[in-house]
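Engineer: Residue strings, one per chain:
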Amino acid sequence: MLDTEHVIIESGAARQPFNYAVGLHGSLFLQELRDNRRFMAVKCPMCKKVYIPPRRVCGACFVEMDKFVEVGPKGSIGTFTILRYAFIDPETGEKKPVPYGYGFIRLDGADTLFQHYIDIQDESKVKIGARVEPVFADERKGTIKDIRYFRIID
Amino acid sequence: MAKQRVAIVGIGQTYHKSHRPDVNGQELINEAVQRALADADLTISDIDAIVIGNMDHFEGINYVDCWSVDGSGGFMKPIIKLTTGGTTGSTLAIGGYHTVASGLFDRVLVIGWEKNSESDTTGAITTAFDPVWDRLVFAGAISGLAAEAQAYMAKYGATDRDGARVSVRDRKHACNNPYTQLRKEVTIDEVLDSPMLADPIHLLDVCPRTDGACAVIMAGEDVVEKITATPDWIWATANRHTYTYLGDANFGRLDSMAAASREIYDKAGIREPAKEIGVIELYQPYSFAGIMWIEDLGLAEYGKGAEFIWSGATDMDGEIPFNPSGGVIACNPIGATGLIRCAEAALQVMGKAEGRQVPDVDLALSTGFGGCFWSDILLHGRRKPDF
Numbered sequence: 062m063l064d065t066e067h068v069i070i071e072s073g074a075a076r077q078p079f080n081y082a083v084g085l086h087g088s089l090f091l092q093e094l095r096d097n098r099r100f101m102a103v104k105c106p107m108c109k110k111v112y113i114p115p116r117r118v119c120g121a122c123f124v125e126m127d128k129f130v131e132v133g134p135k136g137s138i139g140t141f142t143i144l145r146y147a148f149i150d151p152e153t154g155e156k157k158p159v160p161y162g163y164g165f166i167r168l169d170g171a172d173t174l175f176q177h178y179i180d181i182q183d184e185s186k187v188k189i190g191a192r193v194e195p196v197f198a199d200e201r202k203g204t205i206k207d208i209r210y211f212r213i214i215d
Numbered sequence: 079m080a081k082q083r084v085a086i087v088g089i090g091q092t093y094h095k096s097h098r099p100d101v102n103g104q105e106l107i108n109e110a111v112q113r114a115l116a117d118a119d120l121t122i123s124d125i126d127a128i129v130i131g132n133m134d135h136f137e138g139i140n141y142v143d144c145w146s147v148d149g150s151g152g153f154m155k156p157i158i159k160l161t162t163g164g165t166t167g168s169t170l171a172i173g174g175y176h177t178v179a180s181g182l183f184d185r186v187l188v189i190g191w192e193k194n195s196e197s198d199t200t201g202a203i204t205t206a207f208d209p210v211w212d213r214l215v216f217a218g219a220i221s222g223l224a225a226e227a228q229a230y231m232a233k234y235g236a237t238d239r240d241g242a243r244v245s246v247r248d249r250k251h252a253c254n255n256p257y258t259q260l261r262k263e264v265t266i267d268e269v270l271d272s273p274m275l276a277d278p279i280h281l282l283d284v285c286p287r288t289d290g291a292c293a294v295i296m297a298g299e300d301v302v303e304k305i306t307a308t309p310d311w312i313w314a315t316a317n318r319h320t321y322t323y324l325g326d327a328n329f330g331r332l333d334s335m336a337a338a339s340r341e342i343y344d345k346a347g348i349r350e351p352a353k354e355i356g357v358i359e360l361y362q363p364y365s366f367a368g369i370m371w372i373e374d375l376g377l378a379e380y381g382k383g384a385e386f387i388w389s390g391a392t393d394m395d396g397e398i399p400f401n402p403s404g405g406v407i408a409c410n411p412i413g414a415t416g417l418i419r420c421a422e423a424a425l426q427v428m429g430k431a432e433g434r435q436v437p438d439v440d441l442a443l444s445t446g447f448g449g450c451f452w453s454d455i456l457l458h459g460r461r462k463p464d465f
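Listed in order, the protein sequences are those of chains G and A.
Oh and the first sequence: position 95 is 156 in this note's numbering, straight run, nothing missing.
Oh and the second sequence: position 279 is 357 in this note's numbering, straight run, nothing missing.
Derived by calculation from the structure, the hints in this document are not laboratory data.
C-beta: ideal position from N, C-alpha, C; glycine also.
There could be a bad hint or two in this list.
[As the list claims (entries may be wrong)] Quick partial rundown of chain A residues pointing at chain G, CB under 10 Å, derived from the structure:
#1 222
#2 325
#3 327
Working from the sequences, and respecting the hints, build out all of it.
Structural biologist: Structural data, given as structure tokens:
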């Protein structure tokens, strides 16, 4: 008779910290978000595409970008989904609260989409093209969570 | 330019299942390798080099090139590992092709595998995305695919039923394939009534998690005909990557597939792909891709993919059958999945696809897709290419 009980190898109360640099452009974005509640994007000098989050190289043109432009804070839903299945959030190790609105927001003036939560209290209003605005955290720390979510503007 | 033409001369795969606790990774790999060697009537000593891969972080162990050596047959041979996310299996096929086409190796064993039962798939996929910009709302492969489908549906008016029709097709085809995991027909209503995972994707619209391995032996043109009378010639390969962050993607169109397929058609002189290609094994991880991406492949005009599907053109007896194997919706051992598409296309060309054989296949297409919206494509032919 095969013994098919699982054997558990314990890791103890482990933490798994790691370092990750967002670079100068990313840092400027997070500082402006924290200090001034502004969204800073960067514009390609060749194709004029406005990228958010800002990064240094336009992949299509392969040129350096250093011209910042403010975008948003309002925008529209570029695309979205409503996440309904339970899964373990690898960021926390805990079950992610579902359902939640997963938005790809086209901030006014930007050409790429900015990912964040969308308020789904009234699901019938969550549509591509719907106008949205950010709801900021009271205490901002220079992370993407300085925005709590985007809400749909009636 | 290639130094020599290349053909697939041997194929092996495991009987793919949701869980294979009876074998470890090395043993799973060995099953596929032994079958490929037997299929080509070769021994491991005939193999010059190995190209192997899976999706890193999908098991509790990385660096398959190291620990699989006894099972892969790589003992004291050159081994290269390739890992490119969802496209790993098709990248392996293209890498194997490059290795032989270079003229440096004549008999190369290409291996893709995965034991998804030993992973938290969503957690593992998340490690491939930027921790600051991408991970807050990200929920694995399904979330990005759902956003893609929403964008397409809003633009072109496709419906849940259109997606379900694709799932019904592939799950029906899967019943003809003894190697695949899920072999059960479903109805459109069953798809639509299955739980909504992420709008508009229902449970039965999407692929399962699978344990499995696939091995393919590629040979250079001077040795091909000594090995088999029915080789699958690789006519062309193409690959395209697009964006940096998820929000950069052009949701609703697969630009990488459009560009890669045009490169393939140009290389082979194909003008009417739906008429000239006999069968397609599409790396289609969820149903809606079966509508959108066939437009990017140039088989239907933009917005007409659903009509093409409903016409029956992609069914087993249609103009251009898709996924006779049952495709990815029936079976998804991720690092092997793209290579299985290649292997199944090869079996069709070789006339060895048994109960899932499409009659008289001269040209076949196989693809790979990664969650980062990139595409790999291989064109397979019965005849040795004259270019």
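Engineer: Confirm or reject each hint.
Structural biologist: Evaluation of the provided hints:
Checking residue 222 (chain A) against chain G by beta carbon gives a least distance of about 9 Å; that is within 10 Å, so the hint holds. Hint status for residue 325 (chain A): holds, given a least beta-carbon distance of 4 Å to chain G, under 10 Å. Checking residue 327 (chain A) against chain G: minimum C-beta separation of about 8 Å stays under 10 Å; hint holds.
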